[in-house]
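Spelled out from the first residue to the last, the chains are:
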Amino acid sequence: DAKTTQPTSMDCAEGRAANLPCNHSTISGNEYVYWYRQIHSQGPQYIIHGLKNNETNEMASLIITEDRKSSTLILPHATLRDTAVYYCIVTTTGTASKLTFGTGTRLQVTL
Amino acid sequence: NAGVTQTPKFQVLKTGQSMTLQCAQDMNHNSMYWYRQDPGMGLRLIYYSASEGTTDKGEVPNGYNVSRLNKREFSLRLESAAPSQTSVYFCASSEIRDRIYGYTFGSGTRLTVV
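Those sequence lines, one after another, are chains Z and D.
Counting from 66, one number per residue, gives the positions in the first sequence under my numbering.
Counting from 17, one number per residue, gives the positions in the second sequence under my numbering.
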């Protein structure tokens, strides 16, 4: 699986958009970009995933560059409840696919 | 639906004791996983089961054994607990046809070995 690079921490004001970057320059053609978050000590929570097109769901938007070497997770209106560690993971989705977690980005949303 | 259920939620063991962490999912997923998370670190894969009847080692399998009891249940056993195994253990499940929803994680078992 491709290695990912994320900033260690970021701050965001409540109500503003949080843009979390991720570099995955060695991604291969059949690998997806997944985003998860972990709030305090809970189990990680799935947010969104994509292959090459931009994706949007009720939680967030995922923007993947045309060369697929980087992506950005966008939380359009961050709230205090979005304070968490966000993990960007690149993996295939076959039967042997496994999530490999790095240390993620700690997002702090403030008033 | 409960999703992924882990028991127990907390456990304290003495060095050398054994125990089994239980995990069950009710989503009819084929694949199940055991991860551990040490303070300030990301999750590391211990073992996984791609489908019922199969198990494979992950990144940190030493000191652990697993059993895929049936499609719903995947247990993790510590035969002789060591302080280095103090960690939070997460079980997860996934389905290759279920890409839209990704992996579902349990709430974790917090294990302390003294």
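Certain hints may be false.
Claimed, not checked - SDA-like mimics (lysine to any residue), calculated; alpha carbons at most 25 Å apart, straight line: (1) Z/Lys134 to Z/Arg146; (2) D/Lys30 to D/Asn81; (3) D/Lys25 to Z/Tyr111; (4) Z/Lys163 to D/Lys30; (5) D/Lys25 to Z/Thr157; (6) D/Lys25 to Z/Gln110; (7) Z/Lys68 to D/Lys25; (8) D/Lys73 to Z/Thr157; (9) Z/Lys163 to D/Ser100; (10) Z/Lys117 to D/Ser100; (11) D/Lys73 to Z/Lys134; (12) D/Lys87 to D/Lys30; (13) Z/Lys134 to Z/Val150; (14) Z/Lys68 to D/Val76.
To be verified - Only part of the chain Z face toward chain D is listed, based on derived beta-carbon distances under 7 Å: (15) Cys77; (16) Pro86; (17) Tyr111; (18) Gly115; (19) Lys163; (20) Gly167; (21) Thr168.
As the list claims (entries may be wrong) - Derived DEER-like restraints, expressed as beta-carbon distance ranges: (22) Z/Ser106 to D/Gln38: 39 to 49 Å; (23) D/Val130 to Z/Met75: 17 to 27 Å; (24) D/Asn81 to Z/Thr144: 34 to 44 Å; (25) D/Arg60 to Z/His105: 29 to 39 Å.
Because the hints were derived from the structure by calculation, they are not lab data.
Each residue gets a CB set at the ideal place from its N, CA and C atoms; glycine is no exception.
Taking the hints in turn, this is what the structure says about them:
Between lysine 134 of chain Z and arginine 146 of chain Z, the direct Cα distance comes to roughly 29 Å. Violation of the 25 Å bound is thereby established for this hinted pair. Between lysine 30 of chain D and asparagine 81 of chain D the alpha-carbon distance is near 18 Å, which keeps this suggested pair within the 25 Å criterion. For the given pair, lysine 25 of chain D sits about 21 Å from tyrosine 111 of chain Z by alpha-carbon distance, which is consistent with the 25 Å threshold. For a cut-off of 25 Å, the pair hint linking lysine 163 of chain Z to lysine 30 of chain D is broken: about 32 Å separates their Cα positions.
Straight-line distance between C-alpha atoms of lysine 25 of chain D and threonine 157 of chain Z comes to about 31 Å, which puts the hinted pair past the 25 Å bound. Taking the CA atoms of lysine 25 of chain D and glutamine 110 of chain Z, the gap is about 18 Å. The hint holds against a cut of 25 Å. A distance of roughly 32 Å separates the Cα atoms of lysine 68 of chain Z and lysine 25 of chain D; the hinted pair therefore is violated under the 25 Å criterion. Taking the CA atoms of lysine 73 of chain D and threonine 157 of chain Z, the gap is near 18 Å; set against the 25 Å cutoff, the hint holds.
Among the hinted pairs, lysine 163 of chain Z with serine 100 of chain D is consistent with the structure: their alpha-carbon atoms are about 24 Å apart, no more than 25 Å. Restraint check: the Cα-Cα separation between lysine 117 of chain Z and serine 100 of chain D comes to about 40 Å, which exceeds 25 Å; the hinted pair is violated. Simply put, lysine 73 of chain D and lysine 134 of chain Z have alpha-carbon atoms about 29 Å apart, too far for the 25 Å limit, and the pair is violated. With a C-alpha separation of about 32 Å, the suggested pairing of lysine 87 of chain D with lysine 30 of chain D is violated against the 25 Å cut-off.
For the suggested pair lysine 134 of chain Z and valine 150 of chain Z, the alpha carbons sit about 22 Å apart, so the restraint of at most 25 Å is met. A distance of roughly 18 Å separates the Cα atoms of lysine 68 of chain Z and valine 76 of chain D; the hinted pair therefore holds under the 25 Å criterion. Among the interface hints, the one on cysteine 77 of chain Z is violated; its C-beta lies about 21 Å from the nearest C-beta in chain D, farther than the 7 Å criterion. Violation of the interface hint for proline 86 of chain Z is found here, the shortest Cβ-Cβ separation to chain D being roughly 17 Å, above the 7 Å cut-off.
Annotation: interface hint on tyrosine 111 of chain Z holds; nearest CB of chain D at approximately 3 Å, less than 7 Å. With its C-beta approaching chain D no nearer than about 10 Å, glycine 115 of chain Z sits outside the 7 Å limit, and its interface hint is violated. For lysine 163 of chain Z, the shortest C-beta to C-beta distance to chain D is roughly 6 Å, which falls under 7 Å, so the interface hint holds. Checking glycine 167 of chain Z against chain D by beta carbon gives a least distance of about 5 Å; that is within 7 Å, so the hint holds.
Among the interface hints, the one on threonine 168 of chain Z holds; its C-beta lies about 5 Å from the nearest C-beta in chain D, closer than the 7 Å criterion. Our hint of 39 to 49 Å for serine 106 of chain Z and glutamine 38 of chain D is violated, since their Cβ atoms are close to 19 Å apart. Between valine 130 of chain D and methionine 75 of chain Z the Cβ separation comes to about 37 Å, which falls outside the hinted range of 17 to 27 Å. Taking 34 to 44 Å as the suggested C-beta distance range, the pair asparagine 81 of chain D and threonine 144 of chain Z conforms, at roughly 42 Å.
Our hint of 29 to 39 Å for arginine 60 of chain D and histidine 105 of chain Z is violated, since their Cβ atoms are close to 19 Å apart.
Violated hints, listed in ascending order, are 1, 4, 5, 7, 10, 11, 12, 15, 16, 18, 22, 23, 25; each of the other numbered hints is respected by the structure.
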